[in-house]
Structures are given as structure tokens and as C-alpha cells.
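*Asks:* What follows is the residue order along each chain.
Number of protein chains: 2
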Amino acid sequence: MKPRHAFYAQSGGVTAVINASACGVIETARAHPDRMGTVYAGLNGILGALHEDLIDTGKESTEAIRALRHTPAGAFGSARYKLKGLDENRAEYQRLIDVFRAHDIGYFFYNGGGDSQDTAHKVAQMGAQMDYPLVAIGIPKTVDNDLPVTDCCPGFGSAAKYLATSLREAACDVASMARTSTRVFILEVMGRHAGWLTAACGLAFEAAEAGPLILLFPERTFEPHAFLQRVRQNVSQHGYCVVAVSEGIRSADGKFLAESGLRDAFGHAQLGGVAPRLAQLIRDELGFKYHWAVADYLQRSARHLASKTDVRQAYAVGRAAVRFALEGYNSIMPVIRRKSDEPYRWRVGKVSLGQVANQERPVPADYISSDGFAITDAARTYLRPLIEGEDYPPYRSGLPDYVRLKNLLVARRLPPFTS
Amino acid sequence: MKPRHAFYAQSGGVTAVINASACGVIETARAHPDRMGTVYAGLNGILGALHEDLIDTGKESTEAIRALRHTPAGAFGSARYKLKGLDENRAEYQRLIDVFRAHDIGYFFYNGGGDSQDTAHKVAQMGAQMDYPLVAIGIPKTVDNDLPVTDCCPGFGSAAKYLATSLREAACDVASMARTSTRVFILEVMGRHAGWLTAACGLAFEAAEAGPLILLFPERTFEPHAFLQRVRQNVSQHGYCVVAVSEGIRSADGKFLAESGLRDAFGHAQLGGVAPRLAQLIRDELGFKYHWAVADYLQRSARHLASKTDVRQAYAVGRAAVRFALEGYNSIMPVIRRKSDEPYRWRVGKVSLGQVANQERPVPADYISSDGFAITDAARTYLRPLIEGEDYPPYRSGLPDYVRLKNLLVARRLPPFTS
Chain D
1 MKPRHAFYAQ SGGVTAVINA SACGVIETAR AHPDRMGTVY AGLNGILGAL
51 HEDLIDTGKE STEAIRALRH TPAGAFGSAR YKLKGLDENR AEYQRLIDVF
101 RAHDIGYFFY NGGGDSQDTA HKVAQMGAQM DYPLVAIGIP KTVDNDLPVT
151 DCCPGFGSAA KYLATSLREA ACDVASMART STRVFILEVM GRHAGWLTAA
201 CGLAFEAAEA GPLILLFPER TFEPHAFLQR VRQNVSQHGY CVVAVSEGIR
251 SADGKFLAES GLRDAFGHAQ LGGVAPRLAQ LIRDELGFKY HWAVADYLQR
301 SARHLASKTD VRQAYAVGRA AVRFALEGYN SIMPVIRRKS DEPYRWRVGK
351 VSLGQVANQE RPVPADYISS DGFAITDAAR TYLRPLIEGE DYPPYRSGLP
401 DYVRLKNLLV ARRLPPFTS
Chain Z
1 MKPRHAFYAQ SGGVTAVINA SACGVIETAR AHPDRMGTVY AGLNGILGAL
51 HEDLIDTGKE STEAIRALRH TPAGAFGSAR YKLKGLDENR AEYQRLIDVF
101 RAHDIGYFFY NGGGDSQDTA HKVAQMGAQM DYPLVAIGIP KTVDNDLPVT
151 DCCPGFGSAA KYLATSLREA ACDVASMART STRVFILEVM GRHAGWLTAA
201 CGLAFEAAEA GPLILLFPER TFEPHAFLQR VRQNVSQHGY CVVAVSEGIR
251 SADGKFLAES GLRDAFGHAQ LGGVAPRLAQ LIRDELGFKY HWAVADYLQR
301 SARHLASKTD VRQAYAVGRA AVRFALEGYN SIMPVIRRKS DEPYRWRVGK
351 VSLGQVANQE RPVPADYISS DGFAITDAAR TYLRPLIEGE DYPPYRSGLP
401 DYVRLKNLLV ARRLPPFTS
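For the record, the sequence lines run as chains D and Z.
Count the first sequence with the numbering used here and you get residues 1 to 419, in order.
Count the second sequence with the numbering used here and you get residues 1 to 419, in order.
Just so you know, these hints were derived from the structure itself, not from any lab.
Keep in mind that this is a model prediction, so the values were computed, not measured.
Careful: at least some of the hints might be erroneous.
[What the hints assert, rightly or not] Cut-off 30 Å, straight-line C-alpha distance, at most; resulting in silico cross-link-like pairs (BS3-like, lysine-lysine):
1. K84/Z x K289/D
2. K255/Z x K289/D
3. K289/D x K82/Z
4. K289/Z x K255/D
5. K308/D x K406/D
[Stated by the list, open to error] Covered stretches of chain Z, going by a simulated chain D footprint (3 or more residues, C-beta under 8 Å):
6. 7-16
7. 156-167
8. 170-177
9. 285-293
10. 395-407
Cβ coordinates follow ideal geometry from the N, Cα and C atoms, glycine included.
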């Protein structure tokens, strides 16, 4: 009997290592040709399944698939597209099953964050309801590190390493300029609801030397007075001050600071940019010269500075997804389980999709100092191993040599989808 | 006869490799103990000389000095401090000579951009006028790459490599998200008057594949209509658009775009951030979802991604400064001379300080495409070798292990300076 095929899709914001998970899926599937057929990847994530845009990864060379391991972002295209509930839009789930049936797809691998695990869970349920035999496995991914159960999320460690390194470097810069020029440097980082990336910035300084640093977590209400006082204090004590701020900090009225009242010449509200907002506050209230940076996509695509631990874990959850599927598990997600902090040891475990869907894990209270501006030793113990090790991509002509796949589509067998 | 000591100072904005030049100066001086005494470094640049804050680099270990080669920013502190003209403030120059005399300093090494070469030139003149034997040598440094005569400026190649890599990575990101989310990504880069770093962003794409990219040079007037038309065209043709913009672009009225009319809730003008300004324009006129990043200090301190060519050249001009001084040259600056493009060959030459002081070299017209939005093949030929090669710093606990020097000061011998 011919083995059934697999469908793999990338979902939501991409990372420096989501393609390493894809590499793990495809290489592991290829190692079991008797038990798993071709891996079809969704062009632009789940949209590829809905519109029957299936990329035949079988047309890619061994070398090209291997190169996914060192290539950032979503090689097949990702999508911000949340399927509605089963009752609200049954047609979409029905369509997925129709497409899978048309192409004899028996395995569904969905690589994403909390929303995506919820989708994978629903697809598994739909398969059962429609009496279509389907194995649905989630694969964790998010720079936000906010999935429950798993010790960490692939993608986070590399973004964390990038941010901590960048802040350490920028701190060297401002420290050397502070006598006559910039006193305050502000770096805005991602993580609208959970401050894991903000916490990672705490690693830029050793615990004993973190005096000049202020962290602003979305888990804490932004208090301008306390913040400005600390800025003044840091400049007075250390000559300079470095701030890492989550894009998602809110003032006491619950509003995002990034949306608080900036208007252009035409009276339009200006969106985005909490760093310039803070800079302005510092200028107006303290008069210090400042610089600010917004890392934005740079932090989640910086494969040139990936964490080796993160790359390995991303690959491992991809590989484990296929192995678990072949072992007969269904409706689960591989997770990272920490066995020890130092030396750092971990293994891949599993959790049922129902347990991870639509849950967020904020930074625990005991990872944030009592004044709210720093990380604790507990946070350092947790974070440190996740940024450990370098995993440099190959370079050509001075630049990282990232692969671009052929992404050839399989011939369609169904009429177009109209939802 | 005891050899005379040397004074070394860092000036202006720091770079990822200015400490490599310091390393070249100090290691080369140490190799000739019979002909050059201790290198005293100015604490916070030239201020260290004015206030007699002289760092005794002789107290630093061989390993610490070696580690300067892989440590970004200014290890002794830099300064944005321009000495006035000889006629306007003779007292400052007089003070420099007094301090040099008090510490038997016979060599003056000044590591900076155009302004600093002008200062070095004046110090040389002052020494001659005051009949104080002094050898004054400039050492080139600037991420802006705008010094004349030299083929390139140490500091530029690493910032260029960082920006081209970052933009390549962010382009992978937006390309994978464009179907359902972000269509336009904007990266703001340094270079207020000269668009060398903007040009470097052109390397992120191969010439034949640069379709989605738009470069906005300070050498060209910003024309909103033409820009928006090209954004629309790129999104339509490629699905997405990537923009690299110089912080210094101006509209037809000569105003910096970054200062054009943003007001906060209190009516204060908001300074800085041409990227968010462009993003807003795109949102208002085209309605595309966008993301933007401002690299700011990250681009000039990113030692983790330094160009090996740049590190070598930075070290070489430091070493050459000492060698030229010992050979009897005065009032000169070492420069990089290109001997061939491919394979790339270069050597260190020299130029008199009078020829480089206070001159800026913009991007040549034939490096910018006729529509103003791209670089030409001539630009690629020039830029490519400058980002060639990687030179990774050592890592400890997942982060670059940068050195912090002891920076012990020599006992003062003069009364305080009051200008």
C-alpha cells in the first residue's frame, strides 16, 4: 500500500528558525519513504490548503532542504489567517478535508503559535467527525515565547540572543558617547502581551553590572514618574541609561503608550513607535540627548545570529512531529522539556493540542524585580541556556547565503474554493 | 635617551572597529619600546587631553589590548567636541601642547572623521608655531564613509555588512508574510549627508532580483509622488516592497523629512524617525500594511557581524599611523588605496591632513540609478569587497565577550583647565 502524503504549513509571524522545523519535518519524512509519502507545503500557510496551492517539496534537492536549516522566515510563505470556530465556518474545515482527501493527505503538520495550535486541534476534530482518517500534529513556533506547557518556544532563543547582543553593543556605544553626547538609548522590542523578549534584553548586562539598564514590561503598568526618576538616577550614577521597552506597554488608563496622542500635521493619529514616545518624554522632562532604535522584523529574522540551542530545538520539534505521527499519536504538539539548568539538558516531550490551544504564558512574577525594571536571577537561570551557542549560516560575497526554494505547485484536482 | 610618549584619542561617533585601530596603534607602539614610550589614551577623546585625563594603556595586559580588536564602540570614551579655529580659541590648542609637554608626549594620534582630521591638522600647526616638536597623525574612521582620498573609511564596511544582511533577512520576512499581512517594510539608516549606507542596503538583493527594493538617498530630493508610484508598482509586481531610507532625505523645500510636521498631543514637534513618516504616507495614500525599523546605534556597534576586510583595514591604519610616525612623517593620515576590485587588493597609503580636513565625499552620481531608487553595477563593484569576510568575536554564555579596560589615569601634573 502506498504511504499517505503529509501537509505542512507555516502560520503567523515567522522566525529565524521556523524553516529549521520545516527541515526537520521534511528530512524525517524523507527518511521513511515506506511510511510517509511526499510532504506538501501550503503556499502561504493554511491558505495553500484552502486554495489547493500545494507545494511539492519532493521537487527540492537534498541540499535545498538542508539549507532550510540556516534560512530565516517562511520558505513557503506564512499567513496571518485564523480559521473561525467549527460552528461559525464549517465550510473552511470541510474544504481542508476535501483537499486532503483529493491528494491522499493523511498527516497535517501545523507550525505556529497559540492560535495555530487551536486550528490544528479543530482540524483533528473535523477529520474525526467527517470520518476522514487524519493525524494532526502542531509544531510550536513563536518569538513571543508565550505557549504554555513547553519550556520555551522555537524562535524565541534566537530573537533573545539577537536582542541581548544588540543591546550590549548599543550600550557600549552610548557609554562611550555619554560624556558629550547621547545619555539615553532606547530599544523597542516585540512582545505585545508577554515580555519575554524584554526580559531577554536583561541578559545584555551581567547581573552585577545592570545598573544603567531599565526594562519596561507589558506585564507592568507604565508609570511615567517612576520611570523618569530611574532614568535620571541612572544617568547620574553611571553617566548613561539604556532602556529596553516592550511595544506593548500601557499606561494606567489601559491604553498602549504607542498610541497615545501623537498627531501629524493633518491631525491623524500616528501609530506605532513606543521608543520615540519615550524619547520625547525624556527630552521634555529631563532634557537628555537620546537615541532610539526599533528592531521590528530585524529581531525575528536575524538568522545570522541564531542561537544554536534554538536551531537544534526547532529542528527537533519538526523531526519529533513526524516521528510522533508515525508512532500513531494524534492531536498533539511536541514540546521542549527542561531536565536541568546547568549543564542545560532538554528532551522533546508531547502535549495534547487541547491543552495548549489559545493560552498565553506571561513572564512569571518572580522573573521581574520588585521595582519592575529588571530581571531576577531566576529569570537569568531560565533564559541563559536558550541563547547558548552560535550557528552561523554560510556566507557568499559577504552576505548570508539563504536558500530560495523552487516552490513548484501540485496540479489541482478540485474546483476553486469559495467560502 | 628615553623615547617620547604617544597620545591617542577617539573622536565623534564610534564604530564597530574603531577599537581595532586603537589595537593597531597600541600593539605597534609596544613593538617599538626603544622608539615610542607609553600610549596615553584620552578619556572621552580630546577632552582627556584638555583636562589631563590620560589613560595609561601600559597598565592593560597584552590580552586586553588584543581584545580591543573584537570590541565595538570607544573603549576609552569618544567625544563630540570640535576645537574652534586657531584664532578663535588659541587657549585650547595651547592647553593641548602644555599637557603634551608635561607628559613628554611627542606623538598625537587622532582617530576620527573629517572634523577630527581638521583638528589634527591644527594641532600639528600649533606644535610648529609653539616650537614644540610634535608628530600629529590622523587615523580615519566613520561609518558614513565620507572622507576624501581614502578608498573607504574603517567602520563603514561593517555597518554596510550589517545593514545589507539585516535588510536581506527582513526582506525574507516580509516576503513570507505579504500574502495576508505586511506589504511594505521600511528600514531607516544613518548617513545624514552622504548615502553610502543607503547604497550598501542595495547589496541585500542581487542586481537581477532587486525589483522589490527602493533606496532613498540624501543625494536626491524626495519626491512623494514618484516614491508612492514605485511602492505601488513593487507591491503589484512582487507582492511586497522593501525600502531603505537615509535619515537625511529632504523634500523639495529643503527640509528634512524627519522633521516635517509631526506634533504630539501638546503641539510639540516630534523629532526623528523618517521611517515612521514614510510608513504613514504609505498608509494614508496607498493603504498597505507596513512595518518599519530604525537601526540607529545597532548599525554602527554591530561588532558581532563585522566585515573581516573592515577589521583588517581598521587595524592596518592604526598600525600604519605609528609606523609613519616612526618613519618621520608628520601631519598625514593613512588611507586605503584600492589596487584591484576582483580579486580585491588594497594597501595603506598616506595623504597630508590639509587635503582631507573638512571635506565630504557624497555617493558619486554614477553609483545611483537614473530613477534614483537603486544602485548601479559600478556601486556594487565598489561596495562588494568592503563587506567581504566574517570576523566573529568570541562568545561567553551566548553573548559576545567584549573587553572592558581598566582605564587607569596617569597622575596630573598641571592645574585644571579653564577655557
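*Asks:* Next, verify each hint and record whether it holds.
*Replies:* Evaluated hints:
| no. | hint | result |
| --- | --- | --- |
| 1 | K84/Z x K289/D | holds (22 Å) |
| 2 | K255/Z x K289/D | holds (22 Å) |
| 3 | K289/D x K82/Z | holds (18 Å) |
| 4 | K289/Z x K255/D | holds (22 Å) |
| 5 | K308/D x K406/D | holds (27 Å) |
| 6 | 7-16 | holds (count 4) |
| 7 | 156-167 | holds (count 4) |
| 8 | 170-177 | holds (count 7) |
| 9 | 285-293 | holds (count 3) |
| 10 | 395-407 | holds (count 6) |
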